[in-house]
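Those protein sequences? They're chains A and B, same order as listed.
In terms of my numbering, the first sequence opens at residue 1 and continues consecutively.
In terms of my numbering, the second sequence opens at residue 1 and continues consecutively.
All clues stand as given, with none of them false.
Derived lysine-lysine pairs resembling DSSO-like cross-links, with alpha carbons at most 27 Å apart: (1) Lys-302(B) with Lys-33(A); (2) Lys-328(B) with Lys-249(A); (3) Lys-302(B) with Lys-249(A).
These aren't lab readings, by the way, just hints derived from the structure by calculation.
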Amino acid sequence: MFSPKVAKLVVEAPLIARSRRPGHFVIVRLGEKGERIPLTIADADVAAGTITLVIQAVGESTAQFIGLEPGDAFTDVVGPLGHATHIERFGTVVCSGGGVGVAPLLPIIKAMKEAGNRVISVLAARNKDLIILEDEVRRHSDEVIIMTDDGSAGRKGLVTNGIEEVIQREKVDQVVTIGPAIMMKFVSLLTKKYDIPTICSLNTIMVDGTGMCGACRVSVGGKTRFVCVDGPEFDAHQVDFDQMLMRLKAYDGATKK
Amino acid sequence: MSKQSFEEISSRESSWRRDLRESMKASERTAIERAQMNELDAAYRITCNEEVNQGLDREQAMREASRCLDCPNPGCMTGCPVSINIPAFIKNIQRGDIDSAGRVLRATSALPAVCGRVCPQERQCESRCIYLKMGKQPVAIGWLERFAADHAAREADEPAPANGKKICVVGSGPASLSFAGSMMALGYKVVVYEALHEIGGVLKYGIPEFRLPNSVVDREIDALRRGGVEFHTDIVVGKTLSYDDLLNMNFDGIFVASGAGLPRFMDIPGENLNGVMSSNEFLTRVNLMGAGRPGYATPVRKGHTVAVIGGGNTAMDSVRTALRMGAKRAMIVYRRSEAEMPARAEEVTHARQEGVEFLTLHNPVEYLGNERGEVCAMRLQQMRLGEPDADGRRRPEPIDGAIVEIPVDEVIVSVGVSPNPLIPNSIEGLQVTRRGTLEVDENLRSSLPLIYAGGDIVRGGATVILAMGDGRKAAAAMHRQLSGETSDQH
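This is chain B alone, in the form it adopts within the complex:
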């Protein structure tokens, strides 16, 4: 089959797509049950680090794709932060053309295999699916995205003709990888500087293997490398190389995506006891440094009773990692109720299947230590939900005198991060917001004309898809600026 044009594979009006729409009645489509993700058994998976979700097989994926009604005004796309052409990739799956589904995805998303695994679909695309209005489960868009991304052939990235311009990228997380991919495709020479010894940022040090295998991330990095992107580890921009150094190296533009650095603590008594640590520390030890695996030198505390403070994805990753490190009792301590938890529904479900306890409406007020300075118990204030606050969530209020004490030997604090101050502190003239994030305009350009920024250093703590979207947006804007300058010179 000769390769179809992008227009043919993505347009709703292509003949194959019309045929596909007419091939089944809506009632037949809606009668199909939503696919079940193939997943490892909970009892087995907590003994290892293998990916919990095994993915859909081809038959399941094509069947799930046939559920999609191919709406003329697809709500799902409005729920996607980067407006992926969702019906187009799904219909390509339905007709069995997985490679074309992959092409549609990659036209908008640099990291579909990653986003298919870590996006909070129930709050984005799937939350706008027409099926919900019918009281049915939405089309499994995230699982289909993952299926297409995992199984589509990667076209050999045709090297774009070099345009002679050189761009520097600070950090190598999702925003940077996405930015690098876009700029590479436009013919720029891209040089990425990463402070750690691994490329991938939060995708490597933060998100555990059982949720996002490193091999999935490495495939994306390798593709960029083959396309000519240069990656340098162990370089801290602002320290190893100063802003002036970068200027002297004749970079035409700089994209800063250095991420959210500093872990937040709650500033309560006992928080500096041994055994109390940030989720960043715990996850970095295990994910990046291999702690707990034979032969790796980095130590990690293997608690018997572990409490993780917080209700986000990082909290779920931490508590489930603690189980895999041998915890006999692992619990989430969260000050609001489960309905307010920011974590993806799937992570909460998986955590519960694995035996995690949920102490919702509890908030730590103090940690108690033994004579060796190790945490041995936590005191929790019981809470109730009061009136909704500014962002519409009901505010948790302490219940007078309702304090419980629970023995623990490890506490992982996962209550958010603050932007990494390293870059803002080391580049003069870079405007910073009150929260410490970089100030950018609607095109993600900072107060310095050469510097664009995106991801958590701008947002303070968001999602992979938003960071990735920033990378793409900043690349487009920087390209407009730089190509405009070129035409001015002619």
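Just chain A, same shape as in the assembly:
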């Protein structure tokens, strides 16, 4: 457990552990009446045949997930799905993560570092307790900036304040952002201002996760794209975040009924 609402699960899934790359996600289901929930893979151990998922309780199903005990099992785990992150030597890469978005960001940080980039990680959360994986991120980053809303860890302010500070200080070649849609929206607006290429990883509503249902559709560059098969990563500057924020609420009423 990272906090009462965020937990790390290590799941035995040898085939997925072997074939996953940074950026991939899985779909899990708990119980024969459970729903299919997409989760980005945070880490994998090929030798142990496991993948690591970091889960935040946001609804009924995810609340059940974080209550799982060692030895429990998901009914289904399928993946790795989506396209892997495009990794290359860009130069200086700012990796910005918010909340549990830091978990899927970690393998990208590692891969970017291994590819020879200077990696500056900017982690943000509401408060100190919600900053996760700080040590692991530090291990693979050249520099880490922590931002909290209340100043209880790092500096007080938003993730965008941390990123802008870096941009004003040095040349940034690429930004990666993973976190709540609203955070990615503002990161995207910021980097657009400075004309810095930015990729974001979207976590939309999905059912099958294999391109069949279209629940995950987003507007990218004015075109409808499916996050599950066209993404989950897109050029952040092309994503219609307002539409995505609206679509994330599609079943808010239905799940309460």
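Chain A is already provided as a structure; the job is to place chain B on it using the hints.
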């Protein structure tokens, strides 16, 4: 009674069959009215998910079978995509030997209980029935097929001697099940990989329970399983297992039947509003995920006024499902007239009985949303039929300025699907057509010699019977290739 040979039960020249032909005059046969399907009352059935068609009883089936004139050149068979020996199974029903009727069906069709329920018979076998030429209703071939398939004893599938070869099947829909059955019977070890958590493909996630109960599909799957077919769920070929993985696993052949994936949208304003979704999404939530049933976690929107865009079977399934989810007003919006609708006649009739409204010659041009981003109305362009287009259907044309606005709180877009790009994208060297379907030769072999393909990944969006036929055809062709290779080695 000792079991008759297949020749005896299927030949038109068998003595029992000749006797049967001579037992009644043609005029007596044609005087019999076509059977009426026993169906649940419309008012009741929209309150539940029970199968609408209850099937014929034995007496009805035998009487209907006696209508069949046992033509020497049966037109019905030419209308069947897999050329089922229709008169043979019907005459076995007439003589009361339902088990033999089942045997005749299974010699050609892997899934007769499914096809008897979902085939568009009025456009296939029944459309060629001699009765139509007499101005009478055709023999109810589909209902008889279903009767025989449901009531014939399933022979314990004798396990064929293993031939030591192992085949991989991608997907578990009708093409795959049919392919697996054929290969199993030839002694191959068959391993099926399915991406979803259920076996059955479109038969499970797509076609609703009230039209095709899952228990009917599960019976077929169980029979294959007993025969030694291995099924694995939650495996996405191309992702979980790569093509190289499959090669390393020493499969002797691969059959790809991954289906038509991506739902098509119309690219009109407002299509991404909440409450607008694909029929695949709506039906998958309800059929596969159990949304709307007590205890199931998956949510589904329960619209009060639901519009389904399209005129195919999936559109009918969606609109009728919406009624069962509590819609007070449910309508089909279709840009051509009812005559051009691709849906089965029976589905259109059932939908109308259940209170579905048909807005034909209407085409959506825009969806309007409220302040919460939910759809609240649709703007429809009224159409008229113009000149016939390339495929002979009259082309719908907009009537200038004729736009109507109708309030809706749920829109289900059912205008077709595109092939799933997952497999084509993940296997190098696999040739793809301009439409994104897999390129295959007349034997359904792809550009890679080990890989055959069939069903919607090749056809783009067709029927269960055609997919099933592909599975059978690909199995025969792959067997020829693989057994030829064996003899070469000797």
